Structures are given as structure tokens and as C-alpha cells.
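**Q** Given chain B, put chain C in place with the hints provided.
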Amino acid sequence: MDFGGINPAVLIASLMVASVPIMLAAIGELVVEKAGVLNLGIEGMMIMGAVCGFIAAVETGSPVMGFVGGAIGAAGLALIFALLTQVLLANQVATGLALTLFGLGLSSLLGQGYVGIKPPPTGVVPFGPLRDIPGVGRVLFSHDPMVYLSIAVVAAVWLVLKYSRTGLILRAVGESAEAAHALGYKVTRIRIAAILFGGAMAGLGGAYVSLVRVPQWTDGITAGAGWIALAIVVFASWKPWRILIGAYLFGGITVLQLNLQAAGARIPVEYLSMSPYLITILVLVLISSGKGRAAATAPAALGQNFHAAR
Amino acid sequence: MNRRTLMATAALGLGLAFGSMATAQPMDKVKACFVYVGPIGDGGWTFQHHQGLLAVEAAYGDKVETAYQENVPEGADAERVLTQMALSGCNIIFTTSFGYMDATNAVAAKFPNVKFEHATGYKREAPNVSIYNARFYEGRAVTGHIAGRMTKSGKIGYIGSFPIPEVIQGINATYIHAKKANPDVTISVVWAYTWFDPAKEADAAKALIEQGVDVIVQHTDSTAPLAEAAKTPGVIGFGQASDMSEYKPSPRVSAIVDNWAPYYVKRVGAVLDGTWESVDSWEGIASGEVGIGDITDAVPADVKAEAEALRDAIAAGTYHPFTGPLTKQDGSAWLAEGQTAPDGDLLGMNFYLEGISGEIPK
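Same order as they appear, the protein sequences are chains B and C. Counting from 1 along the first sequence, just add 131 to a position and that's the residue number in the numbering used here. Counting from 1 along the second sequence, just add 2 to a position and that's the residue number in the numbering used here.
Next comes chain B alone, as it looks inside the complex (with noise of 0.2 Å):
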């Protein structure tokens, strides 16, 4: 079954891998700024997740634990932004823009003996002979842990928001800070949570890239990636099934323009290189008119600080 020169089971099954990063640092903005929490510290996150992870996988031997260092160094940088924007009340665009910049630049130091070094292979999941069915087995049952784990992911954010009570603390928090302030809830204390799993989830993200995707260290190795998750978050107008989709659409065209080039197609790489933006541009126009309006739009208190005076 070919189209257009491309086989479309691989094509899906190698989006998928392709989208892992974006999906992961984009499901976890979206519960910070279910908070109502903007940080645009991503991109930092990620590559400190990047270089945490790869250095740890490398000292221990075990991809397991180069995730669980890329998690626990992201949401280091992730505390540090939490502490300037929900203790000292700092803005939080700026401090976010910051955390972009300074963690590109620690992990630069950090990652200076770990160069041209390759990381333990992370494997597949054994699914047997389930992987030999012909094209549903290519896309469902080839892949690597964290393929999975980040669906899981996207669906327990989606269990967590629409249907705990945590979820309804969270999204109250976001909408409005105040008022769960005089319902008794620790709104900072909440936010502080928020973004720490915001960066975990980055750091998972961005060590899936120099673990599995790349797999190696180099400078500047997400390469933008960060600011694509937060595109992802304002594309699927906080909700989390839709990451799911931005994701794959994000990550579905990169893949496709290549494998479009490689298997000789004639379409300027251009136009599939912007049309994702063009479709961000396109849902932002939409759900800011028309029915849709209520529904989904962001989080009332999203970027604005809070202070207990009270």
C-alpha cells in the first residue's frame, strides 16, 4: 500500500516518534496554564531535560534513569522560575524568556565532556508478534516506551482535568486565583506544583530527543522545539486531545517534507514547512470569533500573578 511513493503506515509510525518531544513539553504547558501560569521557559527546560538525561543515562548505563535525570533537571530550572514568579511575584513573560536563554546556556556548560559520546540504546516494547501484523502492527506495536507513556500521559491529564477534583482545584486555580483563594485553596502552593510537572514533563521531552531521536549531545540540540509545544498549547485551545493532534500534525509535516523529498515528490518544502502556523494562526482566528469563543479560550488569570492580601 504506497501513496505517492511513500508507504503511510511508516509515515504514521515515524510521526509518532517524531511528535514524542513537542507532545510531552506541550501537555505539560498546558496544565501550567490551566493554572493560570504562562511560562515560556520551555525551550530552557527542554534542552536542561536534554543534557540532564543524556549525562545521566550515560554515567548509570540505563535509559530509564537518563529520563528520570532529564525529568528531575528540568523541573530544577522549573523551580527556579516557580520561586521568581509565585514567591517574588517577578513577570512572568520576562522570567520565562530568561529561563529559555539561561538554560540554553547551562546546558551548554554542562554538556561540554559529553560531546560526540553515544547514550545506552533505549529499546523497543516487545510486542511480539503483535508487531508483525501488516500495517497496524508498523504503527501500534513498534515503538519505544515513550511513545506510549506519552499518550498515557495526554489521557491521564485529560482523566485528571475533566473529571477529579484536583482537576476542578487546578482549573479554578487558573481561572480565578481569588476566589480559590477565598475557598482555602493554596493557590501558590498549587501553581508551584503545576509548573514543576510542567518541567518534568519538558524534560521527558527533551531527553527523548538526545536519547532516542538524535541520539547524542550537542549544543542547542531542540533546536526551537520548545516554542512549537507552546504553539501546540494555543493550537488545541487548552484542551488536552487536541495536543495530541497538534502534536502530530507539528510533527507529521516534518516528517512528511522529508519523506516527500526522499521519495522525490514536486512540492516546494516550503509550504509544508509553514503550513503548520499558518493552521495556528488559522484555529487562533476561529476560536477568537464565533461560537466557539466560550468554549475555548484560555485561562482567565493565565500570566497574571497572585498575591494573598488576605
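Note that these hints are calculated values from the structure, not bench results. Just so it is clear, the structure is predicted and the values come from calculations on it, not from any experiment. Possibly wrong hints are sitting among the right ones.
Ranges between beta-carbon positions, derived for each pair [stated by the list, open to error]:
#1 K249(B) to K154(C): 21 to 29 Å
#2 E190(B) to Q341(C): 56 to 64 Å
#3 Y321(C) to E190(B): 45 to 53 Å
#4 L228(B) to P251(C): 41 to 49 Å
#5 A69(C) to I248(B): 26 to 34 Å
#6 W284(C) to I248(B): 31 to 39 Å
#7 D186(C) to P139(B): 26 to 34 Å
#8 E248(C) to V224(B): 38 to 46 Å
#9 P75(C) to P257(B): 40 to 48 Å
A virtual CB, placed ideally from N, CA and C, is assigned to each residue, including glycine.
**A** Chain C alone, transformed into the frame defined by chain B:
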């Protein structure tokens, strides 16, 4: 001394002063500066240029001071970096990527006393600009032959950086030598539009492998395509710019190694003894600027012997990788039987040779 002789003396003095500026004097100490397009740790292109810097330091010791800047974007930023270097007392500045061409010439015009050396470009608009390049296509001929002999699927993938003559030479040289070794060979080119972006290079390699390619030739600088090739058994590749020996014996079966050290040592030496002149240097396998990395045991012995014979023939000057009869992709004749490609044609190469499918992006 009357007024006229005084003026004449003054004029003579001035003339001497200007004269001495124009013809460079030997210097006691020279500051050599390098602009890199990627990080030193890329394990490829920039790494090799930095090896050249280290060779300069080793050769001249206290007489040379070096400085470098990594990750300088090609374009307007480069001009700022170059101006800053020129102002900070650099005597000779090496700009080590094609994209610095216009910036190098623009800044060179403003600082006539600073020597500029631009790698892989073709513009020399000021007398203080030299250009230097290596005949990478000679190496591509050797790796192309190995690629043709080694491929089982008959599909070779080429990760191109930018559609510039240097890269097109590489594609053509790879293709014609692979085809000589195996008439059924086809080549797919993927343009990454970057010199260094490991994630994108890995994706490009992955896309090619999914298209059934089993030999990956890269014209980008990181080791990511080899790391990607290592994931699929039976896929091989070549080290680019640097030996990339950490991927031996397979997927990396050989490599094209750039060795800039002799050129850098020679040019910094020329500034030291005041003999620097603007040149257009284009050396290849013969002078050692292009080296063929160790061919591993993953390659059968007869293929290895053929590749080494090809390398030696190019080094000896008995064989030119672009020897006629060669026809362009559109069917028009390029080189007649026995004719070799003139350098001018190669430097401006903007066409594929017959048998390559696809178009060069404009």
C-alpha cells in the same frame, strides 16, 4: 634646508609610511581568529577547523595568539562578529563557512590591514581577501564507488545541506562513481537546509531509510545520520568532514576527512613573515587537504582495494573524477570523451548529471 626640500622630504616620508603599510612587514606576533558555523563538538566540519587552529598554535607557540567564536549564524550576525574581531586586533581572520561570503567581503573592505580568508566561497572583492577550499568531490568519488559496490537495494540517499555548487559537485561525483560500480544505482537527495541540526539530519536519514535506501551519504556536519543508520542493520554511511570513528566499523565504513591544518599553518606563517598575498587555493587528495578515512572491515577486501586504487589515482593526478563523456541531466553534452572538467565549470556547478532524478531547488 629650504621649504621645497622640506616638503619633498615630508612627502618622501609620507610615501615611505604608506608604502610600508601596503607591503606588509614581518610581524613579531600575529593574532589569528576563526569564525565557526557550528560548535567545536560537532564531531565534523567545525571540529576539523578547530584542529587547524590547534595546529597553528602548536606550530608558532608564543608568536601566535588565537581566538575563535562558535555557532555564528550565516548572515547579518556574521558581519557583526567579523567587525568585532577586526576591531579587537585580529591580523588574520578565517571565516569557515560558505554563508559568510558576503559578510567577509563587506568587512574586509572596511579593514584593509586585516587579512581575511574565506572557506568554500568564490568572491574576492578586496585585495585582503583570500579564498580556500578543498576538492571534496575527489573524496566523494571514492565513497561513491564504495556506495555503489555496497548497496543491495540499489538506492543511495544523499542528505544535502544547501543547493550550492560544492554540494552539487558532491552529489554528481557520488552518483557517477556509484553508477560505474553498479549500473542499477539510483540516488535520492533530501535537502535539509542546514549545515548543522542533529534532529533534522536524523529525521532526513530516517526518511531515506524508510524509502529503502541502504547507503547514506551526508553533506551535513553532525554524526546524527550515522547514529540513525546504526539503528537499522545493513545500512551504512560515511564520516563527513571528520573521521567520525566512533561509528566504526559499521555504519561508518569510511570517511572524507578535511585537513585544514597545513593551509592554516602556511597562511598564518605568511602573515608572520610579511609574505601574505591574496590567493585562491583549491587543494585535494594529493596535498592531503582531503583525506579518505580508514576503510573498515565491513567492506569486502576487493572493494576496499578498488577504492584505494581510485584514491591513489586521483592523488597521482592520473584520474580526474569528472572525466568525459558526461552528459547533463537535461541531455545536453557537458564533457566530451576524455575531457576533464575545468575548475570554472565545477565552481559554478548548478546542474545534475544524466541519470539523477529530481530538480535542484532554486
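**Q** Hints first: check each against the structure and report whether it holds.
**A** Structure-based check of each hint:
no.: 1; hint: K249(B) to K154(C): 21 to 29 Å; verdict: holds (25 Å)
no.: 2; hint: E190(B) to Q341(C): 56 to 64 Å; verdict: holds (58 Å)
no.: 3; hint: Y321(C) to E190(B): 45 to 53 Å; verdict: holds (49 Å)
no.: 4; hint: L228(B) to P251(C): 41 to 49 Å; verdict: holds (46 Å)
no.: 5; hint: A69(C) to I248(B): 26 to 34 Å; verdict: holds (28 Å)
no.: 6; hint: W284(C) to I248(B): 31 to 39 Å; verdict: holds (35 Å)
no.: 7; hint: D186(C) to P139(B): 26 to 34 Å; verdict: holds (27 Å)
no.: 8; hint: E248(C) to V224(B): 38 to 46 Å; verdict: holds (42 Å)
no.: 9; hint: P75(C) to P257(B): 40 to 48 Å; verdict: holds (44 Å)
Of the numbered hints stated above, none is contradicted by the structure.
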